[in-house]
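Engineer: Protein chains in written order, with the working numbering: chain H, 683 to 888; chain F, 683 to 888; chain W, 683 to 888.
Wrong hints could be hidden among the right ones.
Identical copies go unnamed one by one, so any copy, or any two together, can satisfy a pair.
[As the list claims (entries may be wrong)] The calculated SDA-like cross-link candidates involving lysine to any residue, where the alpha carbons are at most 20 Å apart (straight line), are:
id: 1; residue 1: 809; residue 2: 759
id: 2; residue 1: 722; residue 2: 786
id: 3; residue 1: 754; residue 2: 706
id: 4; residue 1: 722; residue 2: 888
id: 5; residue 1: 763; residue 2: 859
id: 6; residue 1: 754; residue 2: 793
id: 7; residue 1: 809; residue 2: 885
id: 8; residue 1: 763; residue 2: 706
id: 9; residue 1: 754; residue 2: 788
id: 10; residue 1: 763; residue 2: 787
id: 11; residue 1: 795; residue 2: 721
id: 12; residue 1: 754; residue 2: 799
id: 13; residue 1: 754; residue 2: 802
id: 14; residue 1: 754; residue 2: 689
id: 15; residue 1: 795; residue 2: 817
Worth flagging that the hints you see were computed from the coordinates, not collected in a lab.
For clarity, every value in this text was computed on a predicted model and none was experimentally measured.
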Amino acid sequence: MHSAPAFGIEPAAHLLSALATEYPRGSVFLAVVDPGVGGKRDPIVIQADGRTFVGPDNGLLSVLWQRARRRKCFRIAWRPKRLTSSFHGRDLFAPVAATLAFRRMPRGWLAAKESPEVLFDPADLGKVIYVDHYGNCVTGMRATSVSRNARIRAGGRLLRHARTFDAAEGPFWYENSMGLVEIAAPRASAARLLRLRVGYAIRIAR
Amino acid sequence: MHSAPAFGIEPAAHLLSALATEYPRGSVFLAVVDPGVGGKRDPIVIQADGRTFVGPDNGLLSVLWQRARRRKCFRIAWRPKRLTSSFHGRDLFAPVAATLAFRRMPRGWLAAKESPEVLFDPADLGKVIYVDHYGNCVTGMRATSVSRNARIRAGGRLLRHARTFDAAEGPFWYENSMGLVEIAAPRASAARLLRLRVGYAIRIAR
Amino acid sequence: MHSAPAFGIEPAAHLLSALATEYPRGSVFLAVVDPGVGGKRDPIVIQADGRTFVGPDNGLLSVLWQRARRRKCFRIAWRPKRLTSSFHGRDLFAPVAATLAFRRMPRGWLAAKESPEVLFDPADLGKVIYVDHYGNCVTGMRATSVSRNARIRAGGRLLRHARTFDAAEGPFWYENSMGLVEIAAPRASAARLLRLRVGYAIRIAR
Numbered sequence: 683m684h685s686a687p688a689f690g691i692e693p694a695a696h697l698l699s700a701l702a703t704e705y706p707r708g709s710v711f712l713a714v715v716d717p718g719v720g721g722k723r724d725p726i727v728i729q730a731d732g733r734t735f736v737g738p739d740n741g742l743l744s745v746l747w748q749r750a751r752r753r754k755c756f757r758i759a760w761r762p763k764r765l766t767s768s769f770h771g772r773d774l775f776a777p778v779a780a781t782l783a784f785r786r787m788p789r790g791w792l793a794a795k796e797s798p799e800v801l802f803d804p805a806d807l808g809k810v811i812y813v814d815h816y817g818n819c820v821t822g823m824r825a826t827s828v829s830r831n832a833r834i835r836a837g838g839r840l841l842r843h844a845r846t847f848d849a850a851e852g853p854f855w856y857e858n859s860m861g862l863v864e865i866a867a868p869r870a871s872a873a874r875l876l877r878l879r880v881g882y883a884i885r886i887a888r
Numbered sequence: 683m684h685s686a687p688a689f690g691i692e693p694a695a696h697l698l699s700a701l702a703t704e705y706p707r708g709s710v711f712l713a714v715v716d717p718g719v720g721g722k723r724d725p726i727v728i729q730a731d732g733r734t735f736v737g738p739d740n741g742l743l744s745v746l747w748q749r750a751r752r753r754k755c756f757r758i759a760w761r762p763k764r765l766t767s768s769f770h771g772r773d774l775f776a777p778v779a780a781t782l783a784f785r786r787m788p789r790g791w792l793a794a795k796e797s798p799e800v801l802f803d804p805a806d807l808g809k810v811i812y813v814d815h816y817g818n819c820v821t822g823m824r825a826t827s828v829s830r831n832a833r834i835r836a837g838g839r840l841l842r843h844a845r846t847f848d849a850a851e852g853p854f855w856y857e858n859s860m861g862l863v864e865i866a867a868p869r870a871s872a873a874r875l876l877r878l879r880v881g882y883a884i885r886i887a888r
Numbered sequence: 683m684h685s686a687p688a689f690g691i692e693p694a695a696h697l698l699s700a701l702a703t704e705y706p707r708g709s710v711f712l713a714v715v716d717p718g719v720g721g722k723r724d725p726i727v728i729q730a731d732g733r734t735f736v737g738p739d740n741g742l743l744s745v746l747w748q749r750a751r752r753r754k755c756f757r758i759a760w761r762p763k764r765l766t767s768s769f770h771g772r773d774l775f776a777p778v779a780a781t782l783a784f785r786r787m788p789r790g791w792l793a794a795k796e797s798p799e800v801l802f803d804p805a806d807l808g809k810v811i812y813v814d815h816y817g818n819c820v821t822g823m824r825a826t827s828v829s830r831n832a833r834i835r836a837g838g839r840l841l842r843h844a845r846t847f848d849a850a851e852g853p854f855w856y857e858n859s860m861g862l863v864e865i866a867a868p869r870a871s872a873a874r875l876l877r878l879r880v881g882y883a884i885r886i887a888r
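Based on the sequences and whatever the hints tell you, model everything.
Structural biologist: This is how it looks when you write it as C-alpha cells:
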C-alpha cells in the first residue's frame, strides 16, 4: 500500500490494523511510515493473533498490538553490514521480514521486549484515515461499533447508512470491505463533495 | 490496469477488448469497473476465442463477447461465505478467477447463461477511452478501420497520421501498440494541447 | 520505476546508473525512456560489471557504460515477427531481456558493437534528476564526491548536510539510499519549499 498518507503514523496504524485481519494467519507484514527513520526508535517485530509484523516502534504497530488477544513483541538486535540513514525498510526490515517468512530466524537477531514503547489509543478513531482514488473516505471507526440507524456528521452534513453505492442518492456511509466506516458518494468523490481530507473529524450524531 | 477511468464502463469495455488480444490464449482475466457493485447484475464468466474473463454483467465484457468468434457465457452461481457489499472483486470474482486459472472448477459454481444481458454496441467507438500519463489519448477506433491517409478531427483540429513520434511535428494520430487509433504529440501532452478527456468525441474527416 | 520523468533521457541515465548498483550481480535490466522509439537508434545490450542492460542506444545506458570497469556492448540484430512502431519495450526489448535472464541467447540475436553511439557526460550531474512523491529531490551528484561540510545551493538557498530527517530543522541535503545527494525537508516537500523540478541546477557552494 504505497498510497498511505505521508508522515501519518496514527492513521496508518488504524489502516494496518483493519487491513491485516483480511490476510491469512501466517502472513508476514513489513510496514513503514517512518518520518523518524535513522533516529532513536527501536526496530521491532510483533506477533499478533497468528500474523507477524516488522517495522519501527513509532506507534505504527501499536493499534493492532493492543487489539490482539495473543501477542508477543521483540526488538530487532541484528544490524546489516550497510545501514543507510534513510531506508531501513530496505536495509533492515526487509531482510528480517524475509527471514521470518522463511521461518529461519538466526539466534540473536531478535531479543525479548515487553511491549512497543509508543502506544496510540487503540479505540475507534473518529477521523478520516485514508482517501482512495475515487474520493471515498475511510475512517478509523469500526462498523461493528456503529448502528446502521446512526447518522454520521462529516464535512458539515449528516449522512445516513446505505448498503451499496447504487442504493444512495448522495453522500452516505457504509461498512467497507475491511470492516471500517467509509464515507462515499455514488459515482462522485465524497472527499470533494464534503471537503474531507485525512485527519478531518467525523462524529456519530445522536 | 488500475488507471482505467473511474465509473467508465463503456470505455473500459473497449479497452479490455483491445488489450485482451495481446495476451496468450489460456489467459484468465479478472476485470471490474463496477459502480453498481452489490446491486442486481449477475456475476459472469465469458470464454472468448481461447481466453476467459470474470466480471460483472454490466456491459464490461460485452464488447469482446460480441467480437468473439468462439464464445460461451456462464453465470457464477457460487457465493463465498463472506460477501461484502462493495468488494466483489476480492470476495467473489478473485476466487472464481483463481479456480479457473487452476482449471479445477467445482460442480455447481458456474451455470449456463445464453449471453450477457447488458450489451454495448461493439462497433468502433469514436471517443477517447483512455488518457495515459504522457497525455496520449487512446480512442475506441481500431486502426484497421482507418486509412493511413485519413485525417482525424479531435479537439477542433485535423490530425494527420504519423508512424512514429519523431516523424510528427505536432499532434498526430497513429496505430498504438494494441491496434487502436491513438492521438499523441511529440514530447508533449496531446490531452493538454487539444483539451481532450475520456469521453470526448473524435471523428474521421472525409 | 514507472515514475521516471517523461522524455528525460539524461536524468534517467544517471538514475539508472545509481540504482543498478543496488541490485545483485547477474541482474538483467530492461530500461526504456525513449521518445525516439521507432526511429533510427540501435537497440543494444550492455554488460557492465556483472549486470546486463537492455535498451535503446539513445544515451540511457551510456552513463553506467562509461563508469563500468568491465564492460561489453552488443547490437540487437534479432527482430520480432510483429514490431509496433511505439512499443519496443514490449515487442523487442522484453523478449531479449527474458532470453538473457534464462541465459539462452540464440546465435545471431546479438552482434558485436564497440560502444554505444550516444554518450552522455558520465561526470556527476549538478541537477535535480528525480522528485519523489514526498517532494524529496534526488540529484545526479554522487555523495562520495561531496564533503559533509559542504553547503549546497538549490532554489536560492544554501543547504547544510544532515544525516537524518529528524536531525534537520528545514531543507537540508543528505546521502540517499542509492548514494546520491538528495535535497529534502523534515515532514515537508523540499520541491515545493524550494520550487525545484527535474532539470533544475544545484551547486556546491565553496
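Engineer: Which numbered hints turn out to be false for this structure?
Structural biologist: 1, 2, 4, 14, 15
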